[in-house]
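Novice: Residue numbers (the working numbering), protein chains in the order written: chain A, 1067 to 1221; chain B, 1067 to 1221; chain C, 1067 to 1221; chain D, 1067 to 1221.
Calculated from the structure, these hints are not laboratory results. Fair warning: this is a prediction, and the values are worked out from it, not measured in the lab. Only true hints are included.
Below, computed lysine-lysine pairings styled on DSS-like, alpha-carbon distance capped at 30 Å: (1) Lys1186(C) / Lys1112(B); (2) Lys1112(C) / Lys1186(B); (3) Lys1079(B) / Lys1186(C); (4) Lys1206(C) / Lys1186(B); (5) Lys1079(A) / Lys1079(D); (6) Lys1112(B) / Lys1206(C); (7) Lys1079(D) / Lys1206(A).
Below, a sample of chain A positions facing chain D; criterion: calculated Cβ distance under 8 Å: (8) Ile1170; (9) Ser1211; (10) Thr1215.
Using N, Cα and C, we set each Cβ at its ideal position, and we do this for glycine too.
There are 4 protein chains.
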Amino acid sequence: MTDVSEHLTATGKLRAVDPDWQARVQNSFTQQSVMSLLGARLGTIKPGYCEIALPFRQDLCQQDGFFHAGITSTIADSAGGYAAYTLMPVNSRVLTVEFKINLIAPARGAQLLAQGTVRKAGRTLTITLVDVYAVTDGQKNLCASMTQTLICLLD
Amino acid sequence: MTDVSEHLTATGKLRAVDPDWQARVQNSFTQQSVMSLLGARLGTIKPGYCEIALPFRQDLCQQDGFFHAGITSTIADSAGGYAAYTLMPVNSRVLTVEFKINLIAPARGAQLLAQGTVRKAGRTLTITLVDVYAVTDGQKNLCASMTQTLICLLD
Amino acid sequence: MTDVSEHLTATGKLRAVDPDWQARVQNSFTQQSVMSLLGARLGTIKPGYCEIALPFRQDLCQQDGFFHAGITSTIADSAGGYAAYTLMPVNSRVLTVEFKINLIAPARGAQLLAQGTVRKAGRTLTITLVDVYAVTDGQKNLCASMTQTLICLLD
Amino acid sequence: MTDVSEHLTATGKLRAVDPDWQARVQNSFTQQSVMSLLGARLGTIKPGYCEIALPFRQDLCQQDGFFHAGITSTIADSAGGYAAYTLMPVNSRVLTVEFKINLIAPARGAQLLAQGTVRKAGRTLTITLVDVYAVTDGQKNLCASMTQTLICLLD
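Please model the complete structure; the sequences and the hints are all you need to start from.
Specialist: Take a look at the structure:
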């Protein structure tokens, strides 16, 4: 599905303006304390794209034993946020303005994989699409999809 | 602000059809393992209404030290879900179909308080509005607002 | 339901900064050519609040003879946008960033009434809640609810 | 961009269950009276996919002379709804439960083109993604993106 991210981007191939975008994103991810509470890991990052994986744990669930929709949303929100942040300048901060998530199928599986793609990177606002898959034995099942608006704040 | 919940409800005062709705909701909340991971507590519940509180902890944050938007979403999703579940029959299950959340102000404070209100309870689908406040020293500051669609599944 | 708008506003009673906000909003509404195509009328406006009414017409419908969800959205989007615009300064423009609408009940009735309320007015972004009622013989039935993000552009 | 629709679908190539799906969709489109008020035309339809085009007209605009966001939403809502309806059985009706739309760029151009794709077709609920392009002289510019939930009602 990785190729879809290129089709989805409104303005063709995206380029990072900050040469140190990769370290900047990884550093910010490390500072999101909730990621280590949940056990989430940063995966592939490219300009305008970010993956986050979350292995299953019993203490991340709702009442039926699936990943809680809020936990699915947490990694999706960060995946979209960091996809956007790859394209932002040095000395910028990124905040989520809003997101909407459709819970498409029960989020059960060995792990969740969130794939965030920038659809439009504006000077102030960035729009992303984040798909979340439940992955078991290499089988990917789309379980949620998020659209998100982020704002770039300059220090 | 509690009175707002009555104004918001489309069809006037809501009534529970299951006499044991309170125990059913509390029981389900206990089974949401992620609530105890986060330290979230069930507050006031009434037919069509549910509160969840979440004290601040360093390990629930994003990179700036505020509650992560996904964590805010997690308690909001449960508050709306249980507001809906108060009105559902015995032997029903509730699942989130989708939600959208606006992050209105930085979620910083001693605790978050999510207040979920049913706006329309249908046989299959229920619509809620959930406001989340950052609360410090009794001061409430609206930091997020969610609209949510839930589905009732009968066993 | 008008009183709800005061409860909904995050920061208490809202004040317009432009003394000519009323003429500015009415003037902009007149320039929305689609409003006269549809037959929509501007109703009550107050700082942070705007109503738009739309009488039923056969050519505004979907396949079942109800108001089309997009038409419901059109007056809701303008009601929220002008609620926001009442609070913006002279020489500003308002654009919708995004909205989400729940279609809560079939939109059938003698007219639709959209009531837009500002929940948070920021310098750049404003958040609104817009409820749409189907009104027949003075009976109001909530048929849709929208949350919306708007951006203020300064010329 | 048509190829994206295949990548976007959660469960691979979609198949219609009603052999007369094409006539059923075209017939329903004709009954949406608002489509002819606006001048919208049904374009390519395939199982799980639907296009609607809308030529520019002065009376479809907001105050800056762009297509009104509600009008963009109207054709997007129908494009997603009919993408879903291609897969529904005989004697079914389709209604929108909710949608969320991001207005990504000003909707100005010779026409709008909405492309609706089913991402998950369930027995009761269907989830779609609808992209809307502003098209001028064969140049396509993504101006809006919608995610939508629809419900299938059986008569």
